[in-house]
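Residue numbers (our numbering): 1 to 299.
Calculated from the structure, these hints are not laboratory results.
Treat the hints with caution; some may be incorrect.
Heads up, simulated DSSO-like pairs for lysine-lysine below, C-alpha to C-alpha not over 30 Å straight-line [stated by the list, open to error]: (1) K270 <-> K228; (2) K98 <-> K57; (3) K199 <-> K270; (4) K192 <-> K106; (5) K107 <-> K57; (6) K98 <-> K29; (7) K138 <-> K29; (8) K148 <-> K107; (9) K106 <-> K148; (10) K106 <-> K275; (11) K106 <-> K57; (12) K199 <-> K234; (13) K228 <-> K199; (14) K148 <-> K270; (15) K270 <-> K230; (16) K279 <-> K57; (17) K29 <-> K106; (18) K270 <-> K233; (19) K192 <-> K29; (20) K230 <-> K185; (21) K106 <-> K138; (22) K57 <-> K228; (23) K279 <-> K107; (24) K29 <-> K107; (25) K29 <-> K185; (26) K138 <-> K57; (27) K199 <-> K185; (28) K148 <-> K29.
Label pairs and their computed distance ranges (CB to CB) [claimed, not checked]: (29) F87 <-> K234: 22 to 28 Å; (30) S169 <-> P76: 18 to 24 Å; (31) R167 <-> A74: 45 to 51 Å; (32) D204 <-> A103: 27 to 33 Å; (33) I118 <-> L158: 18 to 24 Å; (34) W122 <-> R167: 28 to 34 Å; (35) K270 <-> D204: 39 to 45 Å; (36) H268 <-> K233: 28 to 34 Å; (37) G36 <-> I254: 22 to 28 Å.
Source: prediction; values computed, not measured.
Ideal Cβ placement from N, Cα and C applies to all residues, glycine included.
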Amino acid sequence: MVVRFGVIALAIFVLNVDALFCELQSSCKGCTSTPGCFYNAAESTCENLVRAPFTNKINVINIPYDCPIPQPEAFPYTDAFGRDRAFLFSAASNGENKTQVEACLKKVNAQFYSQYTIPCDWLNQNCSAYIAVNPNEKSIVLTFRGSKGSTQFYTEALNLLTYGSRRSSLVDGDVFTYFIDAFEKLWAAGIKTDLETLKAQYSDYELWTFGHSLGGSLASLASVAAVKSKMFKKEEVKSVTMGQPRTGSLEYAISHDIYVPYSYRIVHAKDLITKLPFKVLPGQPNAYHHRFEVSFFEK
1 MVVRFGVIAL
11 AIFVLNVDAL
21 FCELQSSCKG
31 CTSTPGCFYN
41 AAESTCENLV
51 RAPFTNKINV
61 INIPYDCPIP
71 QPEAFPYTDA
81 FGRDRAFLFS
91 AASNGENKTQ
101 VEACLKKVNA
111 QFYSQYTIPC
121 DWLNQNCSAY
131 IAVNPNEKSI
141 VLTFRGSKGS
151 TQFYTEALNL
161 LTYGSRRSSL
171 VDGDVFTYFI
181 DAFEKLWAAG
191 IKTDLETLKA
201 QYSDYELWTF
211 GHSLGGSLAS
221 LASVAAVKSK
231 MFKKEEVKSV
241 TMGQPRTGSL
251 EYAISHDIYV
261 PYSYRIVHAK
271 DLITKLPFKV
281 LPGQPNAYHH
291 RFEVSFFEK
C-alpha cells in the first residue's frame with residue numbers, strides 16, 4: 001500500500017513539474033517544442049498534455065507546424081480572388097470539351113490552351129485538367145477537375161480510408177496513392193511539356209493552380225512539382241483549392257509550404273471530404289493538410 005501511494009505521489013510530482021515547464025512557455029512554437037505540453041489555441045496558453053483529452057480537439061495544438069502564422073503579405077487571401085478566379089476557373093474544368101471550357105473562360109478573357117482527359121485509376125475512370133493563358137493578369141492557369149460520379153468518388157475514398165500512400169520524385173513526402181497516381185499520369189500526358197513551352201513563351205507570367213475536391217489535391221501536387229522541377233520560382237506560383245481532402249503526410253505538407261508559400265485551401269466547415277482521411281490521433285503524421293485554410297460556415 002505504501003509503495004502504491006509512493007508511485008502515485010511521484011506521478012503527481014512529475015506532472016506538476018511538467019505543468020510548470022509548460023506554463024513557462026508563452027509562444028505556441030515554444031510550447032509545442034516542449035515535451036509533455038500542448039498549446040490551447042482558444043486560451044492562448046501552454047498546458048500539460050494530461051489536459052488535452054478534456055479540451056476541445058479543435059483547440060489542441062501539439063506540434064510546431066500547427067501553430068498559427070500570418071498569411072503571406074505578398075498574396076493575402078481575398079474573397080474576390082476566391083470567387084472570381086479560383087471558383088470560375090475550377091467551374092470551367094467540368095467542361096467536356098474546348099467549347100464548354102471556353103464558355104467560362106471568356107468571362108475573364110482567358111484563352112484556352114489545351115485539355116487533358118485520361119484514364120487515371122484501376123477502373124479506367126477519367127481524370128481531367130486544362131491549361132489556359134490569362135494575358136490580362138499575366139498568368140498561366142492550370143486547373144484540375146474534381147471527382148466525377150459515385151464510382152470514382154468511392155474508389156478515391158477507399159484509398160483515403162485505408163491510408164494507402166507512396167512517394168514520388170515529383171514531390172516530397174508521402175502522398176495518398178489515388179492522388180499521386182492520377183497526377184503522375186496527367187503530368188506525363190502533356191501538362192509538364194505544355195507548361196515548359198508556355199513558360200518559355202511567357203517568361204514573366206505566373207502559374208496559378210486551381211481545383212475542387214480531387215482536383216484540389218491534384219492542383220496542390222502540380223504547384224509543388226512546378227517549383228521542385230525549377231520550371232517556376234516559388235514566388236511565381238499561386239495555388240487556391242476548394243474542398244481539398246488531406247493530400248499526404250506531414251512531410252508533404254511542410255514541403256508544400258516551402259515550395260508554394262502563396263497557397264490557400266477554401267473549405268466549408270461542414271464538408272466531410274475536407275476531413276478525409278480522418279486523423280484518429282492528434283498530430284497523426286500520415287494525414288495532414290498544408291497551409292493556409294480559409295474556412296466558411298464554422299457556426
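Hint check:
no., hint, in the structure
1, K270 <-> K228, "33 Å, violated"
2, K98 <-> K57, "46 Å, violated"
3, K199 <-> K270, "38 Å, violated"
4, K192 <-> K106, "25 Å, holds"
5, K107 <-> K57, "43 Å, violated"
6, K98 <-> K29, "49 Å, violated"
7, K138 <-> K29, "38 Å, violated"
8, K148 <-> K107, "24 Å, holds"
9, K106 <-> K148, "24 Å, holds"
10, K106 <-> K275, "34 Å, violated"
11, K106 <-> K57, "45 Å, violated"
12, K199 <-> K234, "14 Å, holds"
13, K228 <-> K199, "15 Å, holds"
14, K148 <-> K270, "21 Å, holds"
15, K270 <-> K230, "37 Å, violated"
16, K279 <-> K57, "11 Å, holds"
17, K29 <-> K106, "46 Å, violated"
18, K270 <-> K233, "35 Å, violated"
19, K192 <-> K29, "38 Å, violated"
20, K230 <-> K185, "20 Å, holds"
21, K106 <-> K138, "16 Å, holds"
22, K57 <-> K228, "34 Å, violated"
23, K279 <-> K107, "40 Å, violated"
24, K29 <-> K107, "44 Å, violated"
25, K29 <-> K185, "39 Å, violated"
26, K138 <-> K57, "42 Å, violated"
27, K199 <-> K185, "21 Å, holds"
28, K148 <-> K29, "41 Å, violated"
29, F87 <-> K234: 22 to 28 Å, "24 Å, holds"
30, S169 <-> P76: 18 to 24 Å, "33 Å, violated"
31, R167 <-> A74: 45 to 51 Å, "30 Å, violated"
32, D204 <-> A103: 27 to 33 Å, "28 Å, holds"
33, I118 <-> L158: 18 to 24 Å, "21 Å, holds"
34, W122 <-> R167: 28 to 34 Å, "20 Å, violated"
35, K270 <-> D204: 39 to 45 Å, "41 Å, holds"
36, H268 <-> K233: 28 to 34 Å, "32 Å, holds"
37, G36 <-> I254: 22 to 28 Å, "23 Å, holds"
When the structure is compared with the earlier hints, violations turn up for hints 1, 2, 3, 5, 6, 7, 10, 11, 15, 17, 18, 19, 22, 23, 24, 25, 26, 28, 30, 31 and 34 and for no others.
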